[in-house]
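Undergrad: What follows is each chain in one-letter form.
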Amino acid sequence: MTLLTMIVKMSEGLGKTCAIFFLTLLFALPLGVIIALLRMNKNIIISAPIKFIVSVLRGTPLMLQLLAVTYGPYYLFDISVSRNKLIPVVIAFSINYAAYFSEIYRGGIESISTGQYEAATVLGYSKAQTFIRIILPQVIKTILPSITNEIVTLVKDTSIAFTVSYQEMFTIGKQIANSQTSFTPFIVAGVFYYVFNAIVGFVMGRIEKSMSYYKQ
Amino acid sequence: MNVLKMQNIQKSFGENHVLKDISLEVNKGEVVSVIGPSGGGKSTLLRCATLLETIDGGVLSYMGEDVTYLNEKGRLCYVKNLNKFRKIFGLVFQSFNLFPHYSVLKNITDAPIKVLKMNKDEAVERAMTLLKKMGLEGKEKMYPCELSGGMQQRVSIVRALAMNPEILFFDEPTSALDPELTGEVLKVIKQLADEKMTMVIVTHEMPFARAVSDRVVFMDGGVIVEQGRPEEVFGNTRTERTRKFLQNYQK
Ligand SMILES: Nc1ncnc2c1ncn2[C@@H]1O[C@H](COP(=O)(O)OP(=O)(O)OP(=O)(O)O)[C@@H](O)[C@H]1O
Ligand SMILES: [Mg+2]
Numbered sequence: 010m011t012l013l014t015m016i017v018k019m020s021e022g023l024g025k026t027c028a029i030f031f032l033t034l035l036f037a038l039p040l041g042v043i044i045a046l047l048r049m050n051k052n053i054i055i056s057a058p059i060k061f062i063v064s065v066l067r068g069t070p071l072m073l074q075l076l077a078v079t080y081g082p083y084y085l086f087d088i089s090v091s092r093n094k095l096i097p098v099v100i101a102f103s104i105n106y107a108a109y110f111s112e113i114y115r116g117g118i119e120s121i122s123t124g125q126y127e128a129a130t131v132l133g134y135s136k137a138q139t140f141i142r143i144i145l146p147q148v149i150k151t152i153l154p155s156i157t158n159e160i161v162t163l164v165k166d167t168s169i170a171f172t173v174s175y176q177e178m179f180t181i182g183k184q185i186a187n188s189q190t191s192f193t194p195f196i197v198a199g200v201f202y203y204v205f206n207a208i209v210g211f212v213m214g215r216i217e218k219s220m221s222y223y224k225q
Numbered sequence: 009m010n011v012l013k014m015q016n017i018q019k020s021f022g023e024n025h026v027l028k029d030i031s032l033e034v035n036k037g038e039v040v041s042v043i044g045p046s047g048g049g050k051s052t053l054l055r056c057a058t059l060l061e062t063i064d065g066g067v068l069s070y071m072g073e074d075v076t077y078l079n080e081k082g083r084l085c086y087v088k089n090l091n092k093f094r095k096i097f098g099l100v101f102q103s104f105n106l107f108p109h110y111s112v113l114k115n116i117t118d119a120p121i122k123v124l125k126m127n128k129d130e131a132v133e134r135a136m137t138l139l140k141k142m143g144l145e146g147k148e149k150m151y152p153c154e155l156s157g158g159m160q161q162r163v164s165i166v167r168a169l170a171m172n173p174e175i176l177f178f179d180e181p182t183s184a185l186d187p188e189l190t191g192e193v194l195k196v197i198k199q200l201a202d203e204k205m206t207m208v209i210v211t212h213e214m215p216f217a218r219a220v221s222d223r224v225v226f227m228d229g230g231v232i233v234e235q236g237r238p239e240e241v242f243g244n245t246r247t248e249r250t251r252k253f254l255q256n257y258q259k
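Taken in order, these protein sequences are the chains called W and Z. Per the numbering used here: the first sequence = residues 10 to 225. Per the numbering used here: the second sequence = residues 9 to 259.
Hints are computed from structural coordinates only; laboratory data are not their basis. Check before you lean on any hint, since a few could be wrong.
Cβ-Cβ distance ranges computed for the label pairs, FRET-style [said to hold, decoys possible]: (1) 116(W) to 136(Z): 50 to 60 Å; (2) 215(W) to 81(Z): 58 to 68 Å; (3) 37(Z) to 154(W): 48 to 58 Å; (4) 143(Z) to 219(W): 23 to 33 Å; (5) 136(Z) to 57(W): 46 to 56 Å; (6) 116(W) to 195(Z): 55 to 65 Å; (7) 86(Z) to 39(W): 56 to 66 Å; (8) 85(Z) to 165(W): 50 to 60 Å; (9) 116(W) to 86(Z): 27 to 37 Å; (10) 210(W) to 219(Z): 32 to 42 Å; (11) 62(Z) to 121(W): 20 to 30 Å; (12) 122(W) to 191(Z): 19 to 29 Å; (13) 122(W) to 87(Z): 51 to 61 Å.
The structure displayed is predicted, hence computed values, not measured ones. Where is the CB? At the ideal position from N, CA and C, for every residue including glycine.
Full structure from sequences and hints, please.
TA: The following block contains the structure:
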């Protein structure tokens with residue numbers, strides 16, 4: 010197999026890699042806000058279980074969680090494993106990343122001075138208005154570098170989908186490597202991830218710059 | 009009429025009894041300065057009045073309407089619609105607490121538009137008039153981080169005024185400022201006093217308190233030790249505690 014055919018074959022999996030990437034961000038970014046707010050709830054009956062779940066999600070491998078989401082229903086309830094693996098992959102990734110994002114959000118929310126809440130309260134803003142108009146924009150600016158780190162990791166983590174044989178770029182690369190007994194597909198995969206992350210870095214840099222018009 | 013009336017206010021933080029039976033009335037157009045040593049409860053008094061802290065006992069009312077009441081079990085409760093009262097007062101913080109992600113103009117117009125549902129053009133027009141009055145013409149597009157402390161504090165005064173409050177509270181509005189910047193802020197507060205804006209000002213600037221106030225309140229250890237016209241409190245001090253405090257200040 011020529012290098013070019015390898016690249017073409019692996020590129021066909023890039024769409025699925027992107028699907029994992031974008032769908033995970035789409036679900037995990039907002040879900041993380043909800044988890045962070047529940048985690049910070051004053052009622053310990055709400056915050057304690059959330060704290061535990063987040064610690065499990067962060068303290069066990071994503072690969073394991075992916076296997077659990079994909080095959081768990083089969084072993085537990087005898088539900089057949091769905092043929093479209095994208096669903097379990099996105100569920101597992103979204104939950105896992107939401108847990109990481111929630112901790113970043115929590116740090117960001119806690120870094121905002123109480124004076125901001127007090128100023129908003131005295132001006133008559135409701136709790137929701139205060140959070141959405143005053144707190145959240147400042148939180149986003151503060152946490153953007155940490156979010157970028159997570160997104161860079163997510164790009165690389167999409168390769169974990171090979172454990173459930175979801176035909177994304179890395180899974181295809183691994184299959185080619187096995188059938189051709191060649192290391193080249195891994196190098197190709199490495200280049201793909203590197204370029205992907207270069208784009209991520211560029212985009213995130215632009216977003217960070219767009220928020221640099223003020224200092225906290 | 010009383011704009012603010014505090015009757016026998018009690019407030020504790022755990023074991024720490026911070027406000028012990030404070031009664032204070034502020035009439036329309038009156039300027040009251042609150043002075044006293046650190047830890048005396050001045051900020052707590054303002055925070056209770058502005059609903060940032062809840063009181064443990066007493067009655068708080070604005071414009072003759074009670075904010076707190078005793079329920080059938082004799083427990084102190086706050087009325088449901090607190091936002092109605094929040095429209096009556098404004099608070100200027102020691103640390104400004106401007107919204108850093110909003111321009112000067114948006115800092116001033118956002119609450120009138122979003123909270124009071126004021127029409128945007130009207131809010132902007134009012135903001136521009138107030139900015140001009142406070143010597144901040146041309147600064148509307150700037151962000152708080154681009155302004156000096158003195159300007160930031162003046163913007164925060166404009167932000168409070170834009171809500172058209174009946175009464176304005178200040179908690180040490182110049183304490184976070186470099187000495188050379190306090191003058192410009194005191195000047196605009198003086199200007200408001202001359203326009204008969206009702207104000208309660210916690211301050212350590214004694215000459216200013218003397219010049220601007222109709223009444224000076226000396227607070228220490230959670231009680232009002234002495235109050236009266238500035239020339240009485242400063243010139244003809246009645247209590248030993250107040251005299252000691254003022255003497256320490258002159259050194
Ligand atoms: N949120 C709080 N929790 C616990 N204790 C508090 C709190 N706020 C104030 N206190 C205590 O209440 C007392 C009065 O504090 P307060 O800030 O009202 O004094 P102050 O007169 O404003 O002093 P300063 O001139 O230093 O500003 C102090 O003993 C302080 O430690
Ligand atoms: Mg204070």
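Undergrad: The structure should be examined with respect to each hint, and the outcome stated for every one.
TA: We went through each hint and held it up to the structure:
Distance hint check for residue 116(W) and residue 136(Z): the Cβ-Cβ separation is about 39 Å, which falls outside the suggested range of 50 to 60 Å. Judged by the Cβ atoms, the range 58 to 68 Å given for residue 215(W) and residue 81(Z) holds: they are separated by roughly 59 Å. As the Cβ distance of residue 37(Z) to residue 154(W) is approximately 51 Å, the hint placing it in 48 to 58 Å holds. As the Cβ distance of residue 143(Z) to residue 219(W) is approximately 32 Å, the hint placing it in 23 to 33 Å holds.
The hinted window of 46 to 56 Å between residue 136(Z) and residue 57(W) holds, with their beta carbons roughly 51 Å apart. Separation of residue 116(W) from residue 195(Z) is about 41 Å and departs from the stated range, judged on CB atoms against 55 to 65 Å. The given range of 56 to 66 Å is broken by residue 86(Z) and residue 39(W), whose C-beta atoms sit roughly 34 Å from each other. One distance hint, 50 to 60 Å for the beta-carbon pair residue 85(Z) and residue 165(W), holds here, with the actual separation near 56 Å.
Separation of residue 116(W) from residue 86(Z) is about 32 Å and conforms to the stated range, judged on CB atoms against 27 to 37 Å. For residue 210(W) paired with residue 219(Z), a C-beta distance near 58 Å fails the hint of 32 to 42 Å. In this structure the hint that residue 62(Z) and residue 121(W) lie 20 to 30 Å apart at CB holds, the actual value being about 22 Å. In this structure, residue 122(W) and residue 191(Z) meet the distance hint of 19 to 29 Å, their C-beta atoms being roughly 27 Å apart.
The given range of 51 to 61 Å is broken by residue 122(W) and residue 87(Z), whose C-beta atoms sit roughly 29 Å from each other.
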